[in-house]
Amino acid sequence: MSVDLSKMRNIGISAHIDSGKTTLTERILFYTDRIHAIHDVRGKDGVGAKMDSMELERERGITIQSAATYCNWKGIDINIIDTPGHVDFTVEVERALRVLDGAVLVLCSVGGVQSQSITVNRQMDRYNVPRIAFINKCDRTGANPARVTGQLREKLGLNAHMIQLPIGLENDLLGVVDLVTMKAIYFDGANGEIMRQEEIPAGLQAAADVLREELLEAVSMFSDELMEAMLEEQAIEPSQVVEAIRKGTLALGFVPVMVGSAYKNKAVQPLLDAVQAYLPCPTDVENVALDLDHDEVEFKVSNDRNDPLIMLAFKLEDGRYGQLTYVRTYQGKLNKGDSIINVRTGKKVKVGRLVRMHSDEMEEIDGCGAGDIVALFGVDCASGDTFTDGTMSCSMSSMHIPAPVISLSVIPVDNKSQINMSKALNRFTKEDPTFKTFVDHETNETIISGMGELHLEVYVERMKREYNAVVEVGAPQVAYRETISMRADFNYTHKKQTGGSGQYGRVAGFMEPLEEGEYEFVDQIVGGSIPREFISSCDKGFQKSMVKGSLCGAPITGVRCTISDGAFHAVDSSDMAFQQAALGAFREGYMKAGPVIMEPIMKVAVEGPTEFQGAAMGSINQRRGIIIGTTEEGQYTVVEAEVPLSEMFGYSTTLRSLTQGKAEFTMEFATYRPVPKSVGEELIKKFQDEKKNS
Amino acid sequence: MRKEDLVVNNPLRVLGMGMKPKDDQQRMGLIMARAGLGKTAILVQIALDSILRGNRVLHVSIGEGVDKTRAWYDDILDLMVAGQKVDDLQEMVAEIMAKRMIMTFKESSFGPAKLEERLQDLIQQDIFRPDCMIIDGYDFATTNHAQLEEFKSFMVRHGLKTIWFSAISHRTDERVSAAGVPAPCHELDDLFEMILMVVAEKDAIKLNLLKCSSGAIAPGTSLLLDPSTMLIKKG
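Those protein sequences? They're chains A and B, same order as listed. The numbering used here puts the first residue of the first sequence at 494, with every later residue one more than the last. The numbering used here puts the first residue of the second sequence at 314, with every later residue one more than the last.
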């Protein structure tokens, strides 16, 4: 394991569904000698790609869990995380990008910048991840890398420029022109493993000159040396261009665009060269931790293996040998047998086994250090926990975890399934922070919630396959919320005298809509009308009231409760009495505050041939959707809309039949919005009927 | 402040926009300016005003993406209501979303026939029936009288009340029509009922009325454009 951090790259491969991330990773592993045969994602040999180790992934041809591996390219250690493309598994991308230093954004040369590319790019921006764009599938009919580069600039606002030019496109794709060295590169051999360098074909020379000129102009902004050479019309060395591209990329001011076809074994090796040349090593990136001993002051982690250890657990997996915890080490080193402290729980744990992951295979290692991504065995923790060696108390900043938007009930068919189901749910909730489960005490049903239909479908299937838990699945339910639309006063007295000590508390004040945030409590009590020790009881009472709204039983959000007056009794007032008084006050104010039901609205993008644009728009319109806009590019069209999640169930089947299977859609959570009156009335009626029947 | 106040106080009232026409005639309008002087911002203000008056607007953006166009609407609306307490802002935003649709095309693939095909999809399925259309980024340098006339007959066929276009004028091209309309629209000005020109002067950006065929407003009437926000102000 190398300790020269300049020879290490931690990178992620992310993209829209079916852009070829896993195929690209498979080729990377092949060219770096990590695997000795290429298996395709949906290959006829039925083996499936190395990184899709889960049976379900190989069957469906999609990546569900991000998988980690590493390889060595020309003396550089590269840790790679291949992430899922489907938005339902977005947390996998989120946590991978949190710990990676650089990324390859893969795009389809036909589909271009698609909806999930936009989401992934936003995630990369969130964690300041320098990136290279790889326009894949240049062998496909309709491939147009220049158009995709334009979209990277227009749609994603990136300063993206091609550093390669394809030699031929579609069936005629032969290789690439490297615009840095101004040489043509061809890929010979059965698997494109032999790289042959030649002069640029005469027919492409003019185009290459123009693109190189554009490239130099763009990157010269990041290098005075290059700028000077250009102004003085000196000969420009490839090393000067590489240096300028690297500086621009690391400064997040430039995105080098590469082209090729992983499936056809074209131009994967130059991409690896670019990972080495343009993406950061751990010391190039600034990572900060919070010093818990000094008011959570931010400090830069050192990346030095001689400093105290700081590690972040970013992903958990339950395997045959117990819990596997993926960690990124930010400073210090860790050896097998060392003890580490979980900063959140304060618990000390001994690291018995340390492994390097290669998809589902593991390689035992004796130690790791700053910059490494490895996995630990038998360390009980939660995703996002920070570990240290105990000499310092600090925490790495957390990840962005989106809230679940869809839920369904799961009913085990027999006792055995019941036991297995709880084991499965226990594991899944620990592994995936966007997957939640709880028991609805009114219906006594187990409810699972997640990010989309596919997300839950996969977990139900995994329960069956991995735990032999057969469950009946109820209809999907939308995660509604309730909120208030206006200010309302409350003044409630809780008084109970049933022998023995009584209960007394009066709470007065008002509630009002809170624009940002879920709940806020404001104490404006003066003169001790409510004693200090009972103020927090009022807060607790309000928070309890918000767990379940009275309109449709959904959680209440977006409320600020202010207490300004009250009364107490020297003997009968207690914590419980004021909690009850606050509950009563909330109930009283809530119905006067114009309560409304909110539903999740999804941002939907339907992409497909132009001839089906009308059908796609019609189908969205029928689903209470608002069409935001349509984009037409050649024979391809994208309809963007906002549609209530409750109307999106079964949409994939509808769309498939409307468009002969030629259109696809993606959706992601956009916002919560009040439901229309008629829908609200229906939900209220349903909730009341359920209450009556329970 | 109510939605109606935004309509009544809109400086566009000075130009007579929103006044009921005496006949059922379809009207085309044109905003001209040099590059970067705020044509899109003006078109979006015209569109928002039209929506707040109850019309449905189809915004056709040529060469720009949906997100960018949508961002113009969000930004302009934010600026319009900044510092004012608007009753039920959320409801107003929802109304704007429901009454606006954005269509984007590549420059090379846009034309009246293509637009009509797309519009028919919307109208036949009763998805969206626009009253007003904004066409931003149309290439006047390569169009001709006959092509623009197609838009006129297109409006009649689909019951559109107005179409607003934007056009870029160039400093180097000094051709100008009798009404003072610069190239490349100097030979097309008879097709437009209203033509506005954005002019950058020493200490202000002006929105000058070059033509108003109804005669209700005298040519030469002008409004101002706030250079920092691109909001239209009374002169």
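For the record, the hints were derived by calculation from the structure and aren't laboratory data. Watch out, some of these pointers could steer you wrong.
Claimed, not checked - Using 27 Å as the maximum straight-line C-alpha spacing, the simulated DSSO-like pairs for lysine-lysine come out as follows:
no. : chain 1 : residue 1 : chain 2 : residue 2
1   : B       : Lys381    : A       : Lys1096
2   : B       : Lys381    : A       : Lys648
3   : B       : Lys316    : A       : Lys1170
4   : B       : Lys419    : A       : Lys648
Said to hold, decoys possible - One side of the interface only, derived from the structure: several residues of chain A facing chain B at Cβ under 8 Å:
no. : residue
5   : Ser732
6   : Val735
7   : Glu856
8   : Gly860
9   : Ser886
10  : Ser890
11  : Leu1076
12  : Asn1114
13  : Ile1120
14  : Glu1126
15  : Glu1133
Glycine included, every Cβ here is placed at the ideal spot set by N, Cα and C.
Now the hints, each set against the structure:
1. Straight-line distance between C-alpha atoms of Lys381 (chain B) and Lys1096 (chain A) comes to about 16 Å, which keeps the hinted pair within the 27 Å bound.
2. Annotation: proposed proximity of Lys381 (chain B) to Lys648 (chain A) holds, straight-line Cα distance about 8 Å (limit 27 Å).
3. Taken as a hint, the Lys316 (chain B) and Lys1170 (chain A) pair is honoured in the structure, with Cα atoms around 22 Å apart against an allowance of 27 Å.
4. At roughly 14 Å between alpha-carbon atoms, Lys419 (chain B) and Lys648 (chain A) fall within 27 Å of each other, so this suggested pair holds.
5. Residue-level restraint check for Ser732 (chain A) is violated (minimum Cβ-Cβ distance to chain B is 37 Å; threshold 8 Å).
6. Because the smallest distance between the Cβ of Val735 (chain A) and any Cβ of chain B comes to about 32 Å, over 8 Å, the interface hint for this residue is violated.
7. Taking 8 Å as the C-beta cut-off, the interface hint given for Glu856 (chain A) is violated, the closest approach to chain B being about 44 Å.
8. Annotation: Gly860 (chain A) was flagged as interfacial toward chain B, and the flag is violated, the nearest CB pair being 47 Å apart, outside 8 Å.
9. Because the smallest distance between the Cβ of Ser886 (chain A) and any Cβ of chain B comes to about 43 Å, over 8 Å, the interface hint for this residue is violated.
10. The beta carbon of Ser890 (chain A) is not positioned within 8 Å of any beta carbon in chain B (closest approach about 28 Å), and the interface hint is therefore violated.
11. Hint on Leu1076 (chain A) is violated. Least Cβ distance to chain B is approximately 29 Å, over the 8 Å limit.
12. A distance limit of 8 Å between C-beta atoms decides the matter here; for Asn1114 (chain A) the minimum to chain B is near 4 Å, and the interface restraint holds.
13. Look at Ile1120 (chain A): its Cβ gets to within about 6 Å of chain B, closer than 8 Å, so that hint holds up.
14. Interface restraint check for Glu1126 (chain A): the shortest CB-CB distance to chain B comes to about 6 Å, inside 8 Å, so the restraint holds.
15. For Glu1133 (chain A), the interface hint holds, the least distance from its beta-carbon to any beta-carbon of chain B being 6 Å, beneath 8 Å.
In this structure, the earlier hints numbered 5, 6, 7, 8, 9, 10 and 11 are contradicted, and the remaining ones agree with it.
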